[in-house]
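Those sequence lines, one after another, are chains S and P. So that you can map any letter, position 13 of the first sequence is 13 in our numbering, and since no number is skipped, the others follow by simple counting. So that you can map any letter, position 138 of the second sequence is 138 in our numbering, and since no number is skipped, the others follow by simple counting.
Since the hints were made in silico from the structure, they are not lab data. Because the structure is a prediction, the values reported are computed rather than measured. Mixed in with the good hints there might be a few duds.
Cross-link-like lysine to aspartate or glutamate pairs, in silico, EDC-like; alpha carbons within 20 Å at most [what the hints assert, rightly or not]:
{"id": "1", "chain 1": "P", "residue 1": "Lys87", "chain 2": "S", "residue 2": "Asp170"}
{"id": "2", "chain 1": "S", "residue 1": "Lys138", "chain 2": "P", "residue 2": "Glu89"}
{"id": "3", "chain 1": "S", "residue 1": "Lys138", "chain 2": "S", "residue 2": "Asp178"}
{"id": "4", "chain 1": "P", "residue 1": "Lys87", "chain 2": "P", "residue 2": "Glu165"}
{"id": "5", "chain 1": "S", "residue 1": "Lys138", "chain 2": "S", "residue 2": "Glu179"}
{"id": "6", "chain 1": "S", "residue 1": "Lys144", "chain 2": "S", "residue 2": "Glu179"}
{"id": "7", "chain 1": "S", "residue 1": "Lys219", "chain 2": "S", "residue 2": "Asp97"}
{"id": "8", "chain 1": "S", "residue 1": "Lys137", "chain 2": "S", "residue 2": "Asp178"}
{"id": "9", "chain 1": "S", "residue 1": "Lys138", "chain 2": "P", "residue 2": "Glu289"}
{"id": "10", "chain 1": "S", "residue 1": "Lys138", "chain 2": "P", "residue 2": "Asp261"}
{"id": "11", "chain 1": "S", "residue 1": "Lys144", "chain 2": "S", "residue 2": "Glu190"}
{"id": "12", "chain 1": "S", "residue 1": "Lys144", "chain 2": "S", "residue 2": "Asp120"}
Simulated DEER-style distance windows between Cβ atoms [to be verified]:
{"id": "13", "chain 1": "P", "residue 1": "Ala205", "chain 2": "S", "residue 2": "Asp97", "range": "45 to 55 Å"}
{"id": "14", "chain 1": "S", "residue 1": "Leu135", "chain 2": "P", "residue 2": "Ala263", "range": "48 to 58 Å"}
{"id": "15", "chain 1": "P", "residue 1": "Leu43", "chain 2": "S", "residue 2": "Leu135", "range": "26 to 36 Å"}
{"id": "16", "chain 1": "S", "residue 1": "Asp125", "chain 2": "P", "residue 2": "Ala21", "range": "39 to 49 Å"}
{"id": "17", "chain 1": "S", "residue 1": "Arg231", "chain 2": "P", "residue 2": "Arg197", "range": "51 to 61 Å"}
We treat Cβ as the ideally placed atom computed from N, Cα and C, and that holds for glycine.
The lines below spell out each chain.
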Amino acid sequence: MTVLPTQLDGGPLAVSTRGLVKRFGRETALNGVGLQVPEGAVYVLVGPNGAGKSTTFKVLMDLVRADEGTAEVFGLDPRTQGPAVRAQIGYVPERHDWGYGWMRVGRLLEHHARYFTGWDLEYADRLIHHFGLRLEKKFGRLSKGQGRRVHLAMALAHRPRLLVLDEPTDGLDPVMMDETLGLLMEHVSETPTTVLISTHQVHDVDRLADHVGVMRDGKLIMQVRREELHRGLRRYRAEVPDGWAGAPELNGSVLRRGSLGREIQWTIWGDEAEVSARLARAGAVVRDAAPLTLADAAVALLSRREHP
Amino acid sequence: MSTAAITMDAPASPRAPAWGAIAAEQVRAVGLGLRVELTLLALFLAGLTVLLNVTAYRTGERINTDIPNVAIPLFMLALAAPLAIWKGEEPARRGYLWAMPVPRVEHSLAKVFAGWVWVMGIVVVMLLWVLAMAWATGGDLRLDRSLGMLDGMPRGARVVAPAMEGYPWMWLVPFTGATVAYLAGSILALASNYPWRWIAGGVFAFMMTAMLMEMGGLMIEELVEDVFRAAATVMLGTSDTVVSYVDARGAPLRAIQSAPDAARWAVSSLVALALALAGVLAAARRGEER
Numbered sequence: 001m002t003v004l005p006t007q008l009d010g011g012p013l014a015v016s017t018r019g020l021v022k023r024f025g026r027e028t029a030l031n032g033v034g035l036q037v038p039e040g041a042v043y044v045l046v047g048p049n050g051a052g053k054s055t056t057f058k059v060l061m062d063l064v065r066a067d068e069g070t071a072e073v074f075g076l077d078p079r080t081q082g083p084a085v086r087a088q089i090g091y092v093p094e095r096h097d098w099g100y101g102w103m104r105v106g107r108l109l110e111h112h113a114r115y116f117t118g119w120d121l122e123y124a125d126r127l128i129h130h131f132g133l134r135l136e137k138k139f140g141r142l143s144k145g146q147g148r149r150v151h152l153a154m155a156l157a158h159r160p161r162l163l164v165l166d167e168p169t170d171g172l173d174p175v176m177m178d179e180t181l182g183l184l185m186e187h188v189s190e191t192p193t194t195v196l197i198s199t200h201q202v203h204d205v206d207r208l209a210d211h212v213g214v215m216r217d218g219k220l221i222m223q224v225r226r227e228e229l230h231r232g233l234r235r236y237r238a239e240v241p242d243g244w245a246g247a248p249e250l251n252g253s254v255l256r257r258g259s260l261g262r263e264i265q266w267t268i269w270g271d272e273a274e275v276s277a278r279l280a281r282a283g284a285v286v287r288d289a290a291p292l293t294l295a296d297a298a299v300a301l302l303s304r305r306e307h308p
Numbered sequence: 001m002s003t004a005a006i007t008m009d010a011p012a013s014p015r016a017p018a019w020g021a022i023a024a025e026q027v028r029a030v031g032l033g034l035r036v037e038l039t040l041l042a043l044f045l046a047g048l049t050v051l052l053n054v055t056a057y058r059t060g061e062r063i064n065t066d067i068p069n070v071a072i073p074l075f076m077l078a079l080a081a082p083l084a085i086w087k088g089e090e091p092a093r094r095g096y097l098w099a100m101p102v103p104r105v106e107h108s109l110a111k112v113f114a115g116w117v118w119v120m121g122i123v124v125v126m127l128l129w130v131l132a133m134a135w136a137t138g139g140d141l142r143l144d145r146s147l148g149m150l151d152g153m154p155r156g157a158r159v160v161a162p163a164m165e166g167y168p169w170m171w172l173v174p175f176t177g178a179t180v181a182y183l184a185g186s187i188l189a190l191a192s193n194y195p196w197r198w199i200a201g202g203v204f205a206f207m208m209t210a211m212l213m214e215m216g217g218l219m220i221e222e223l224v225e226d227v228f229r230a231a232a233t234v235m236l237g238t239s240d241t242v243v244s245y246v247d248a249r250g251a252p253l254r255a256i257q258s259a260p261d262a263a264r265w266a267v268s269s270l271v272a273l274a275l276a277l278a279g280v281l282a283a284a285r286r287g288e289e290r
């Protein structure tokens, strides 16, 4: 079975966790998560609902304590150095009611600003304008998408070193989502920031990601640089003879299989030349080895069975 | 901010906000959060003002500024206040407060402090209101005049000892009593996701205890009475005291009556405050960085 990469090489890490385990009663939410987010990266953590993404983020914010393992943010332990860690994080949580529902939006932003000494007033005004925030409205009466925009303004306006965004586009309409992602790209280019985004809507953040992690059932099954993913994960289109017996050499390496008549479409992780050679040795004629979009890659990785 | 002004240098770790600034912000935020409750209280007082003044005008009845009239409602109000102050921020939902870049124990205590400032403000307003009511109806304006209103004194009797008036410390009782009640309520709000259940449980426990007392459990009765006496001293500044008085014909009499007792009030209040503060500190340690 192919071993998918779960370690990143070299470079200082903004976020590093080792062997994180978290259980809620009989449920294991995190099962040995070793997240590595390089400084300056835009790291997209992909996974279905319940994969453990939000719990991992909460561990970084010390909103949840892991039963086992360690976590570091810029070399600091969130458990013991929580205030210093949180001062460097712009956090958008999964919850939409995070904040005081009885406060007006303007007052909530003002309240938030008092806690972050790096709050950039001019930038905050720009964000308010960009997101079209209605400052006089009660925060609790906002729609899901409007609330999300307030959360994003709160996270970005103090220009933190690390943005931890848990499903940041959830509730946004397509136009606002597009504009928000554009703004996020602008923010990253203007401010030295590391971004850690979780999503189960991968295509939303395709254009942002330079690192990808894939979580399923509380485990990080892969983490890799975007270009490495592009290079290593390919969909092979090949013609096979009648009664083809398959490619025993590739057993365990195929993440996804599809076929149409004599043509097979297999998604395989590995060096392209080596995989093509193995397919050829098995009698297949490789027509094409195309890289996958991030969304397709995520689907392939997440639909992979443990014992194919 | 112009894009050109932004550099790509790694930013330094941001400064932590000062505790004073956070406490001041919490005072403002808690005030905003209590707007509905404070408005309702103001409306209730306005209605009560009209009702009492109309009644006083019709019947000639006077309103005096005696301690039980003031202290007991304030005690109850202060006990319930933390539930309004921490609404929507039960421990399981304290994500926003805990996500701020300040130590969590200090942050929780800053919020408790902010609430206390508002509760003390309410005590001041209520005392001024009671004084205004007494003044408007021609009642007694001295909060420290308590012995003249002892229950069960025979007609025509007058107190010989202790002195009938001159207890200026009694003005502190509503403040200390409300503080103790507020801190006790804060323990529930800080520690429990279901503070109302604890209050309901407390009432249930009280009723069960009363039932057991009826059934003749002497030890429980004594214990409960001691607790009640201590609570009454904290809340009202009074304790059971031997009162000497003379009846209408001048014959000396003695009785045990509830009367102002500075020493017992001071000790009971200090003990209650210390216990309540310790409880608040212990409850605030939930979520502490360690």
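Comparing the hints with the structure gives:
no. : hint                              : in the structure
1   : P/Lys87 <-> S/Asp170              : violated, 26 Å
2   : S/Lys138 <-> P/Glu89              : holds, 17 Å
3   : S/Lys138 <-> S/Asp178             : violated, 25 Å
4   : P/Lys87 <-> P/Glu165              : violated, 42 Å
5   : S/Lys138 <-> S/Glu179             : violated, 24 Å
6   : S/Lys144 <-> S/Glu179             : holds, 17 Å
7   : S/Lys219 <-> S/Asp97              : violated, 28 Å
8   : S/Lys137 <-> S/Asp178             : violated, 24 Å
9   : S/Lys138 <-> P/Glu289             : violated, 32 Å
10  : S/Lys138 <-> P/Asp261             : violated, 50 Å
11  : S/Lys144 <-> S/Glu190             : violated, 28 Å
12  : S/Lys144 <-> S/Asp120             : violated, 25 Å
13  : P/Ala205 <-> S/Asp97: 45 to 55 Å  : violated, 34 Å
14  : S/Leu135 <-> P/Ala263: 48 to 58 Å : holds, 55 Å
15  : P/Leu43 <-> S/Leu135: 26 to 36 Å  : holds, 28 Å
16  : S/Asp125 <-> P/Ala21: 39 to 49 Å  : violated, 22 Å
17  : S/Arg231 <-> P/Arg197: 51 to 61 Å : holds, 58 Å
Of the numbered hints stated above, those contradicted by the structure are hints 1, 3, 4, 5, 7, 8, 9, 10, 11, 12, 13 and 16, listed in ascending order.
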